[in-house]
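If you're matching them up, the sequences are chains A and B in order. Using the numbering used here, the final residue of the first sequence is 215, and nothing's skipped along the way. Using the numbering used here, the final residue of the second sequence is 228, and nothing's skipped along the way.
No lab work stands behind these hints, which were simulated from the structure alone. Hints are supplied without guarantee of correctness; some may be wrong.
[As the list claims (entries may be wrong)] Quick look at which bits of chain B chain A covers, simulated, 3 or more residues with Cβ under 8 angstroms: (1) 60-70; (2) 186-200.
[Claimed, not checked] With beta-carbon atoms standing in for the labels, derived distance ranges: (3) A:Lys180 to B:Glu219: 46 to 56 angstroms; (4) A:Ser83 to B:Gln19: 30 to 40 angstroms; (5) B:Arg123 to A:Ala117: 31 to 41 angstroms; (6) A:Gly163 to B:Leu222: 44 to 54 angstroms.
Virtual Cβ for every residue (Gly too), placed ideally from N, Cα, C.
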Amino acid sequence: MNVMINSLPFLWQGLLVTLQVSAIVVVAAFVLGISLGVGLSFGPRWVAWPIRIYSDLIRGLPLLVLIFSVYYMLPLTGVNVTSFWAAIFALAAFQSAHVAEVTRGAVQSIPPGQHEAGKAIGLTFGQRMIYVVFPQALRRFLPPWINTVVSTVQGSALVSLVGIVDLMLAIQQVIGRTFKPMPMYILGALIYFAINYALSLISRTLEARFAYVRE
Amino acid sequence: MLDILAQFGVLFLIGGYPQGPMGGLAGTVILSALSLALAFPLAVGLGIMRTSVQRRWRWPATAWVFTLRGTPLLMIIFWAYFAVPLLVGKQVSPFTTAVCAIVIYESAFLAEVVRAGLQAVTRGQMEAARSTGLTYLQAMRHVLVPQALTSMLPSLVNQFVSVIKATSLAYVIGVPEVTLAAQQVNSMVLTRPMQVFLILAALYFLLCFTLSRLADALERHLTRRRAP
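Looking at chain B on its own, in the form it has when it is part of the complex (with noise of 0.2 angstroms):
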């Protein structure tokens, strides 16, 4: 296992960058990390949504995240393959189908980590916001938003967890991702599998338990701070 490790370690970490894309466990982060920034806006906006008490945008925002949260994301990935293309009218990297993907089966997701926050800050904030004179918009963005983010970190942080989890699918449209390293090595020692996947196991462990860990540490220090 030490002797894969030592020949193909590089590309379990990098991919074949930089005679080609970064990828590897680096082609991994940097896929989630972008997944995640970009879902993020389009939860808030989805998250609010849910939470209004007017149907015509409430509907269309739990239709959203109860279609998406009851299809697999292998499905999502085939589709966006072909989708995007024929939506952008170009060819399009399988990296950018992978980003917009994950993006869209994500943002269900999030959407009800957002909701569960909003739903969590006290009636009275609203109430007294909307009694200074806010409109409910603007209550939103400098009143409730700021504070539900807080409360909504570590379930930001398992998310994350759960988004690297995700991009593990996006190597069957060949995403450079650490996944495909691993089949691309796999398919050069060809004998030991076993190994090959331990070590890829082992990459996506530490990096998933250590974000978690941070996610409970997190979670201690807001009880703590809000506990008078």
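This is chain A alone, in the form it adopts within the complex (with noise of 0.2 angstroms):
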């Protein structure tokens, strides 16, 4: 116990690294993935075509083999990035190519009349996007995209390998030092599980919120 309460210091920074990293990589991955999704969705051929490509090699790879291939691959390009920047590099590309799924099937979902009909106002492709089908898909959009943000965290663990201290690392230090392995890994269970069921409940939150649409 004295163990646990003595090492939150410790843990907070590392908490903080595990946020920072989730977060960049969570807009990144938003960003980047409803773009290619649309691309995938809408797009002419020459465009779907290498989107189809990237999201199949990238979601047949493990996320650690993505990770230690930007790692090591990135240098030898002639880039120089610090190994916390390479490992956020890999993990938004890793999850933009799930997102852009994610979006591929909620925009999917949208019935083609609808589309029709935007035309026939007289919209362009963005403000039929805008206005029309981003508003309708945006309810099949949550759910699953809300366990893309929570594979985000738990992937995060994985930078703890090319050595960047995130709570997973700094648990690891903190038994390095104390040799208590089992309250140490119960906290840091705590800790996790409290970040994805908070993101959780918001999950529940916005699809009641979005619940509008109804089929």
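Hints are included, so try docking the two chains, each in its own frame, into the full complex.
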């Protein structure tokens, strides 16, 4: 118990890094993933195909392998970044592929009549997306998107393997110093659980808020 | 890259076998298949508990699922590394530890697949089964679970893909599988990490992509069969 309390300030630093990594990745993957998803669903073949290949390629790789590949490959291509940004790059690339698929599923569930009606009243493509498709697709987008956010928080634990002191590595460093693995891992599991439980509560609220489209 | 493959291809595919334990890609497949096979019965139990109307069954299962889905697998693997020997009371191989960790982790995800499958079976099936005098568990075993299993098949194959990807983490405790093989090759070649990790990525991709295509084909086949 004492170990848990004494380690808290140290874990706090790690937790901040975990949250920072997760937040950057979630935002980047959101923007990138939605663009890719729209390109995948409505783009001409020369746009949709490369995105399909990208998405299938990324989703067929374990996140760990992706992180290691980026970590070792970026320096070889002449880009010099810290391990922090290499890991964020890998995580964002991984999650954006998943968000793209979530977006594709959501926007393709909107019946074609909606697009045609939008066209008929003279809306441009961008306007049709923003005023017609997205508001209706939101309900189908949110639940699986929150799942990708949860998996981002979990996946951020892997950045500890390239030496970034996030919550996971902070816990291990405390264990390395105190030799008390059990209480520390329980505390760690509790912290991760708290983050993700909060996320699932938010998701439930959001789902209720946007449940206005009835089938 | 080809010379690395020529020199270390065998290490990538089967690890140190037959001089050492089976590893490499074969180790990954064995680890994933074994974990999935062991996690499945657990998940069916959890899934049935999750759909129960009685709180004393539903709540423990729900707590189990939510806790594990919110915890990183890496943490569970490290935790199992310390906990499994304590619980068993003797030295345990990293392979067994990894199987335990992945079974615990995946049981939560599979339980959700099972729950979705059970809830997709129409209510009338349960009511009809109960009215012929079957008990709740008999109705589950003979009527609902068999029907749910068929619709779950594509998701199960997809879950197999995520188990394969999850096993890459087992390398951190030294389980002989393909990521560990790549790390070993990398420390022997030293100067060309990019090629080594490209080979690793290609191996994972081939395995996972083939399986997810299989899942898609299965799903199409099932929908076609179900449509009148």
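Consistency of the hints with the structure:
no.	hint	result
1	60-70	holds (count 4)
2	186-200	holds (count 5)
3	A:Lys180 to B:Glu219: 46 to 56 angstroms	holds (48 angstroms)
4	A:Ser83 to B:Gln19: 30 to 40 angstroms	holds (35 angstroms)
5	B:Arg123 to A:Ala117: 31 to 41 angstroms	holds (36 angstroms)
6	A:Gly163 to B:Leu222: 44 to 54 angstroms	holds (46 angstroms)
Hint check: no violations occur; every hint is consistent with the structure.
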